[in-house]
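Numbering (our numbering), first residue to last: 4 to 116.
Careful: at least some of the hints might be erroneous.
To be verified - Ranges between beta-carbon positions, derived for each pair:
1) Ile39 x Thr11: 28 to 36 Å
2) Ile89 x Asn28: 12 to 20 Å
3) Thr94 x Val29: 17 to 25 Å
4) Pro10 x Ala56: 17 to 25 Å
5) Val30 x Lys8: 35 to 43 Å
6) Asn28 x Ala77: 16 to 24 Å
7) Lys8 x Lys69: 48 to 56 Å
8) Tyr23 x Val62: 19 to 27 Å
As the list claims (entries may be wrong) - Below, in silico cross-link-like pairs of lysine-lysine (DSSO-like), each with a Cα-Cα straight-line distance of 30 Å or less:
9) Lys85 x Lys69
10) Lys69 x Lys8
11) Lys17 x Lys69
12) Lys88 x Lys69
Quick caveat, the hints were computed from the structure, so don't treat them as lab data.
Glycine included, every Cβ here is placed at the ideal spot set by N, Cα and C.
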Amino acid sequence: MAENKQPTVEWNDKDMRTTYVNATNVVAGREEVMMILGVNQAWQMNQEKVNVAISDRIVMNPYTAKRLAIMLSATVRAYENKYGKIDLGLTAPVASPAPTAPATAKATGKSAK
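Given only the sequences and the hints, what does the whole structure look like? Please build it.
Here is the structure:
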């Protein structure tokens, strides 16, 4: 019986480019996840409007996105263990609220509010 041997990965950086980003957004559909990357050049926290110059959009399948999330999580955890906790200044978790079921109408025929 043949072994399940992992292939050796050779990274070719001949066409690689480096992009600095300090602003991100992630959008997902059923078959792909998009990371929108850009630069926010505003440094004041209480600005009324913030402009982000979008430089890149990375599109990947959900499997690659999950592997990336695991690698990023491990990298941030190692960073914080070495240098201390990163305080983002957020008062609530960044997670999206759970979807709620629509209210059902009562038997009187009135719509739910």
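task = Hint by hint, work out which the structure violates, then give me just those numbers in ascending order.
result = Of the numbered hints, 4, 7 do not hold.
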